[in-house]
Amino acid sequence: MKVAIVVQRYGLNIAGGAEYHARLIAEHMSKHWDVEVLTTDAVDYVHWKRGNFPSREVLNGIPVRRFKVERERDTIKFGLLQRKIEIDEHTPEEEEQWIDEEGPYAPSLINYIDKSRKNYDLFIFFSYRYYQSLRGIPRVKEKAFLVPTAEHDPVLYFNLTRRLLRLPAGYLYNSWEEKQLIEGIHGVNIPNVVVGVGIEERQVQGGRFSDYVPYMLYIGRIDRNKGAYRLFEYFKLYKRRHPGLKLLLVGKPVIEIPKDPDIVHLGFLPEQEKWEALADALFLINPSHFESLSMILLEAWSISKPVLVYGGCEVLKGQVQRSGGGLYFNDYFEFEEAVEILRNQHELRKTMGEAGYKYYYDNYRWDVIENKYLKLAREVLG
Amino acid sequence: MNIEEIMEKARARIEEKKKQGLFTEEDIRDIEEMELKILPDVSEIRSFYETHIFKEEYTPPQGGIKKFLRDKFRDRFLRVFFFFMRPLLSPEKIDSAVEYIKLLHNISHNLVVELSRQRIKTLELEARVKALEEKTKILENRIRAYEKE
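Protein chains in written order, with our numbering: chain A, 123 to 504; chain B, 321 to 469.
In short, the hints are calculated from the structure, not lab data.
Heads up, a few of these hints could be off.
Stated by the list, open to error - Here are a few chain B residues that face chain A, going by a calculated C-beta distance under 7 Å:
#, residue
1, V400
2, I421
3, A451
Said to hold, decoys possible - Keeping only pairs whose Cα atoms sit at most 30 Å apart, straight-line, the calculated DSS-like set for lysine-lysine is:
#, chain 1, residue 1, chain 2, residue 2
4, A, K263, A, K301
5, B, K455, A, K358
6, A, K206, A, K190
7, B, K450, A, K358
8, B, K468, A, K361
9, B, K357, A, K361
10, B, K357, B, K329
All values reported here derive from a predicted model rather than from experimental measurement.
We put the CB at the ideal spot given by N, CA and C, even for glycine.
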């Protein structure tokens with residue numbers, strides 16, 4: 123079966139949740155299908171600046187076709203248009219214009235999909251809100267699967283999005299909460315599966331970061347959208363009331379990190395060191411409000427590490443409630459109680475880690491993920 | 321593993337703490353040390369919701385060509401304005417919504433701090449009044465005792 127994976131950006135050094143997710147799926151599903159990636163030559167996700175890529179190449183055994191981004195995103199023009207669509211009266215033409223402004227504007231990619239639809243048995247589109255999905259899905263809707271990577275976002279409620287979401291032949295959701303959100307919007311019965319992404323099981327030896335023990339660990343972009351301000355404020359208050367615990371941060375800072383001896387920024391760590399930092403941590407913390415799937419949560423559970431998440435994010439709270447692999451907090455008082463439990467109740471912390479591991483083992487091993495993709499393709503395409 | 325059960329117990333403990341007294345010595349010290357956030361001039365920040373809340377004021381009594389021209393002028397003006405301001409201002413800085421939310425956050429922070437301080441003062445005053453009442457009672461009893469003698 124020949125399958126095209128369509129995603130806004132693609133590459134070994136491209137950072138971004140959906141892009142990384144698409145690459146992992148392409149590489150793992152190539153064991154079962156003849157997979158090809160259709161993407162653009164964009165390198166950044168704000169302006170869609172073009173990178174220095176060949177138009178065709180093979181990355182980790184996957185053939186990649188890249189199509190030229192015809193124009194970069196004008197953030198001011200795009201921002202004004204988006205705001206108008208969100209809050210003012212607007213015309214269908216303006217919504218159409220919004221798609222082109224959103225980008226990455228690569229009409230040659232859409233022409234290619236249009237012309238070669240017969241050459242592929244299945245198209246898997248990643249991220250509903252970008253140009254390649256909004257323009258591409260209507261052209262091959264009967265053989266299109268969508269991995270929406272949706273969060274609560276005003277774009278979800280645009281008329282054009284509502285129309286688009288009714289088109290795909292199948293859905294591959296990241297979580298039950300995402301399924302509920304999307305089905306609540308399109309309101310029709312489309313074959314689907316809650317699948318997410320797989321995590322390789324590994325044995326990790328701790329010890330490298332023992333100087334910082336005991337600590338809670340945050341991994342990811344240090345950004346206000348990821349709840350970093352909330353985390354800093356709560357942690358500073360917590361440590362005044364219950365000293366002795368450190369907060370270790372791994373990842374690229376976008377905002378200023380408070381100067382505090384108990385808040386330690388380790389920077390961007392190599393993969394192996396990241397896992398070692400996780401192994402030495404008491405627990406992982408994810409204070410983010412917007413997540414469609416938190417891979418780092420699954421990584422923590424794959425080595426039996428409990429987690430603490432922000433309850434305002436339905437996906438994270440749902441994952442924790444279903445797995446039993448950690449706790450959640452809605453305000454400072456709950457944060458304090460939850461940290462105290464995870465810090466002081468060794469047995470409970472261990473039990474939560476084990477529950478998290480079981481959840482990972484049952485749902486997020488690669489063979490489980492691959493079978494879910496294969497099953498949905500068989501169901502829909504025969 | 322039932323997470324909700326653990327969370328319920330945690331919430332019960334929080335309620336218990338609150339019943340015992342909202343402020344501990346540490347809390348009081350924290351609140352006393354807490355700094356109020358500086359508030360910018362409210363009139364300089366345009367509310368994100370202004371156009372919704374005051375929609376009626378912004379809509380001329382009759383639509384037609386006037387409204388069309390006004391919208392066109394506004395769009396063109398904004399485009400020209402942002403074109404020249406781009407080198408000086410980052411999108412973050414010109415985002416009035418962000419500024420407005422920051423303002424609301426600072427106001428609510430200051431209100432919470434001030435209300436907490438007032439609550440502490442009230443509790444202190446209540447305790448003093450109670451102590452004075454008790455003292456008065458003792459003194460009255462002593463007077464009565466002297467009078468009997």
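Which hint numbers does the structure go against, in order from smallest to largest? 1, 2, 3, 5, 7, 8, 10
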